[in-house]
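2 protein chains.
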Amino acid sequence: MNAMASAAFVGLARMDGVSVANRGLAYGDGVFETMRVHDGELPLWPGHLARLREGAQRLGIGLPDPAFIEACIDEMIDGADAGVIKLLLTRGDGGRGYAPPVDAQPAWTLALYPLPPITSGGLCLHACDTRLAIQPALAGIKHCNRLEQVLARAEAERAGCDEGLMRDSEGRVVCATAANLLVHRNGRWLTPPVARCGVAGVLRGWLLAQGLVEEAELAPGEVEDAAALALCNAVRGILPVSLLGARKWAAHPALTELQARLAMAYPMFSNPAVGA
Amino acid sequence: MNAMASAAFVGLARMDGVSVANRGLAYGDGVFETMRVHDGELPLWPGHLARLREGAQRLGIGLPDPAFIEACIDEMIDGADAGVIKLLLTRGDGGRGYAPPVDAQPAWTLALYPLPPITSGGLCLHACDTRLAIQPALAGIKHCNRLEQVLARAEAERAGCDEGLMRDSEGRVVCATAANLLVHRNGRWLTPPVARCGVAGVLRGWLLAQGLVEEAELAPGEVEDAAALALCNAVRGILPVSLLGARKWAAHPALTELQARLAMAYPMFSNPAVGA
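As they're listed, the protein sequences go chains P and U. For the first sequence, position 84 (counting from the first letter as 1) is numbered 575 according to our numbering, and the numbering increases by one without interruption. For the second sequence, position 129 (counting from the first letter as 1) is numbered 620 according to our numbering, and the numbering increases by one without interruption.
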């Protein structure tokens, strides 16, 4: 998928591409947000900004003025009916060596992409061998150290599946490579905690804040015998899972209900017609 | 520290900087090598190439023709008495999403830096709170997901120390942020394994292959009561540690002997005169 538009900023200056000295490139020293664009707006912006702020704070990267970021985003998405905007904030340039430069000038980029096709058909999920390492210092934030997700997603592709289900190194189920997991058990929607590893998804956060979903630790067997399974993220909304290994799930009313609750608050996440 | 020269390559084409779509920038999706330059040559090149090859293979990134890489390095370091060259190999450009593009065109860069000052005075080592997560899929290779090292090195800087000593999430001592650890106990030099986390340093590999150092798991107490402690990497050689928290070490003949063995094979790593 090619970007429709992109721009990079260092401090307040707009530039093309990034320097080979950029620490995002050298060490994945940065954070990013991937956001749904709808009618020239970002419906979940406050959640994205909060996670961006948390990530920048945790890594000690200076956050550019949010009002300036918002102005740049507005300029880029003005007139865009639908799309995805990616914001990448890096620590900026540095020399050799891991020590963050004391005078680091954060560099950040924006890129606008077309909205990916979103179907209501159930997803095929591959149980990945690649595990998520347990690292509380980096858990929850959307940092740029994503090799585990890259390896896991490559596994899912090789298996001909839509997404990959990831466990942590102690065997607990955590999330998909680019989405959080929603597990329906005993009449409740559950999602695994992300304090040890995984990303605190913005839509996951909204579902938790609404009391529609609760956090719970989940073993692989508890996912396999769930009544319904779904993935959620801030680009695609809530998508049903229909296949995980030999296990199949049919449509479930609790999932239709959860999607409807989301669509009431955010109509752009309305479930597309079957086959759409 | 500023680069003296740098160049980026995509496939066989030389270019300035990298695209904002580069997956090294997006996800740390790449590997790197940092190599000592001496008299227009790279003394430890075979070890660096072997690790580069292993890293590229593990991540599924195509390795450019080593003969072409060598020719580009030769051109850059021609006439350089001393320096450090950094090679960064990324998966190249991609769109949004973790899945490695099937037609990915690896992009790689070279940058030449001045040799950092190397003193023979003992290093101050800070015991870092930041742990190394246990991730066998990424252990050993020099990949670009280095936020743990960035956070740990920032801790060491805040503590006014030269380097940071890192433990894994289960408490075993592993390495420094940018060097391997050498621990002298009971008349032997030991270094922790790097199969679960940490980087398989090229100089560490040489020391092991020579039978001068052995692998052993080490608890923090076994490091603290060691007879001598040192760090090693392929840029600075073997450097004594003189301080870790309240523990101090004086010069030790076993360390002088180990440095001498290295200097016999690689004179550029000769121990500089005290005070140099």
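Keep in mind that the hints are not guaranteed to be accurate.
Label pairs and their calculated CB-CB ranges [unchecked claim]: (1) P:Ala-496 / U:Gly-702: 35 to 45 Å; (2) P:Gly-651 / U:Asn-677: 52 to 62 Å; (3) P:Ala-754 / U:Gly-553: 41 to 51 Å; (4) P:Pro-711 / U:Asp-594: 33 to 43 Å.
No lab work stands behind these hints: they were computed from the structure. Glycine included, each C-beta is placed from N, C-alpha and C at the ideal position.
Distance restraint evaluation - P:Pro-711, U:Asp-594, Cβ atoms, bounds 33 to 43 Å: Between P:Pro-711 and U:Asp-594, where Cβ atoms are some 34 Å apart, the hint holds.
CB-CB spacing for U:Asn-677 and P:Gly-651 relative to the 52 to 62 Å hint: Holds, at about 54 Å.
Range agreement (Cβ of U:Gly-702 with Cβ of P:Ala-496, hint 35 to 45 Å): For P:Ala-496 and U:Gly-702 the Cβ distance comes to about 58 Å; the hint is violated.
CB-CB spacing for U:Gly-553 and P:Ala-754 relative to the 41 to 51 Å hint: holds (44 Å)
Checked against the numbered hints listed earlier, the structure breaks hint 1 alone; every other hint is satisfied.
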